[in-house]
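Asks: Let's have the full structure, built from the sequences with the hints guiding it.
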Amino acid sequence: MKRQIQRAIAITKTLMVVYYAYMLEYRAELLLWVLSGSLPLILMGVWVQAAQGGGNFGLSPLDFTRYFLAVFLVRQFTVVWVIWEFEREVVEGKLSFRLLQPFDPGWHHFISHIAERFARLPFALILIVLFFWLYPQSFWVPSLANALLCLLVVCLAFVLRFAAQYTFAMFSFWIERANAIESFWFLFYLFLSGLIAPVRIFPPLVQEIVKWTPFPYMIDFPASILVGLPVNVGQGLAVMLVWIGLFLALNRRLWRLGLKRYSGMGA
Amino acid sequence: MPAIQVENLSKIYPVAVKEPGLAGTLNHFFRRTYRSVAAVQSVSFEIGAGEVVGFLGANGAGKTTTLKMLTGLIHPSEGKIRVAGHVPFCRENAFLRKITLVMGQKQQLIWDLPALDSLRINAAVYGISDQTFRQRVGELSEMLSLQEKLTQPVRKLSLGERMKAELLAALLHQPEVLFLDEPTLGLDVNAQVSVREFLKEYNQRYKATVLLTSHYMADITALCQRVLMIHAGKLIYDGSLDGLLDRFAPCREVTVELAQGLSSSQLAVYGDLGNVDGRIAHFIVPQEKLTQMIARILADLEVVDLTVTDPPIEEVIGRVFRAGAI
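Protein chains in written order, with the numbering used here: chain L, 1 to 267; chain R, 1 to 326.
Treat the hints with caution; some may be incorrect.
Claimed, not checked - Stretches of chain L that chain R covers, calculated by requiring three or more beta carbons in the stretch to come under 8 Å of a beta carbon on chain R:
(1) 8-15
(2) 100-110
(3) 231-243
Simulated from the structure, these hints should not be mistaken for laboratory data. None of the values given here were measured: they were computed from a predicted structure. Where is the CB? At the ideal position from N, CA and C, for every residue including glycine.
Replies: Here it is, written out as structure tokens:
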């Protein structure tokens, strides 16, 4: 057991260092990826205008500003692209090399995503500092408890998003263009995660339904905690953990079935 | 116990069938039909520990599919396989630690980073200690003459250097059984020779079992005493290289140096003419007609020199397939 833990630590450390180096090879690309996640900053302008125009949303213009800034930050740390990489590996037969090693290929993707977070962090922080410099009224410091809780929830949100997308990626064994599933899923994610609008301004019935889905826990939930908006922490964490468990169980089942169909195309 | 045991191995793939044209496209969209392709059919063989065996066959004969089944990448439709005492498609960690697969047309190294980074990942995954890692990388890179190259990004390496680095990555965990699928594909002659020499030395030093496919017959003749030949998914030959030539193409190559150059049409009357290089002509002659043909040439032409050798194996196998002898 001790040896296995030591091995897991050694592998994680090596993969982190190597994939971090890999991510830093693409400096310009990294900056562009950070900027491409600035949709929340555009929506911030829209919603602040709407709130200033007298719209009754239960949130002030300053609340909207802080909420969408938090959304921007959460998005930076929960972006996932595993389905495109995994699909390519299956379709081009590149998965074969990973399958020949005594190590689950999923960890390569998971750890490379985490390494990318560290590479992306300085760019995201520079953008936030720039934002506060341009718009100092929006500056706030979350309480230590909220900051720590947000950190935990952002980590879980990333795991949830990764588990969901990696599970859809497993369909590459059957349909080869599994990213179409992600595109369909993204439609719901876009509207129900809090990316377009805070979930709390939706009609009560929609809110009641949405809170049992995984979507609001990917963005709205951690962003609300960071801003200090009221949330049901216990229920939120429980729903997240249940969805993570469901996706992981489905993922392992599809992995086992999918490997029987794998033909190592092109290799 | 043999390192590789294969019994009645078969693999049948469903392949979608599409007719050309718009009607075919629409039909393919609404009513997709499949046909079954038997890529490998009832193949059986055994390979002893430490043996180096060549796996021959034309494109699409079933070589790579067989290798994929032997390495556990794909599940066989029928039959039994045991490699190093394991059933490959169970993909037990103990099995994966004992084997490796090198594919000449595919790479496992990370393109934008030095090969050493990919090697470190492999070392971590296989649980190789730092000390052992340094020792093995030193030893293998010396055998492959790669010492200076491992710190350069893979994309900056030549094709030959990249292939050597791929071999190093594939052999870092010192596997017992090596599956090599076209390991010298696309390499220049010098790089082919050095890869061949490395494989020979690796086999001798570590007593590894090797199953090798290659389109370059020099790889086979330099490394393998035994060959398996597969055609249309069926194993048609299992034996020595010389035996293969005797069985499928009992012929000899006659090289004649003439006092004066003759045209190809003038030479062709004496037999199956191969290359003509100035005054030197090469003929492939069936064994039973050899004496008669040589006597005729000596009687008719002014010959400076004449030698009789085994024909190049690629020539023989090419002729066998072209002539539909199988």
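Asks: In terms of beta carbon proximity below 8 Å, does the segment 100-110 of chain L have 3 or more residues touching chain R?
Replies: Contact hint for the segment 100-110 of chain L vs chain R: holds, 4 residues under 8 Å.
Asks: Quick one: see if chain R covers the segment 231-243 of chain L, three-plus residues with Cβ-Cβ under 8 Å.
Replies: Our answer is that it is violated, as 0 residues pass the Cβ test (under 8 Å) against chain R, missing three.
Asks: Quick check: do three or more residues in the segment 8-15 of chain L have a beta carbon closer than 8 Å to a beta carbon of chain R?
Replies: holds (count 5)
Taken one by one, the earlier hints fail for this structure only at number 3.
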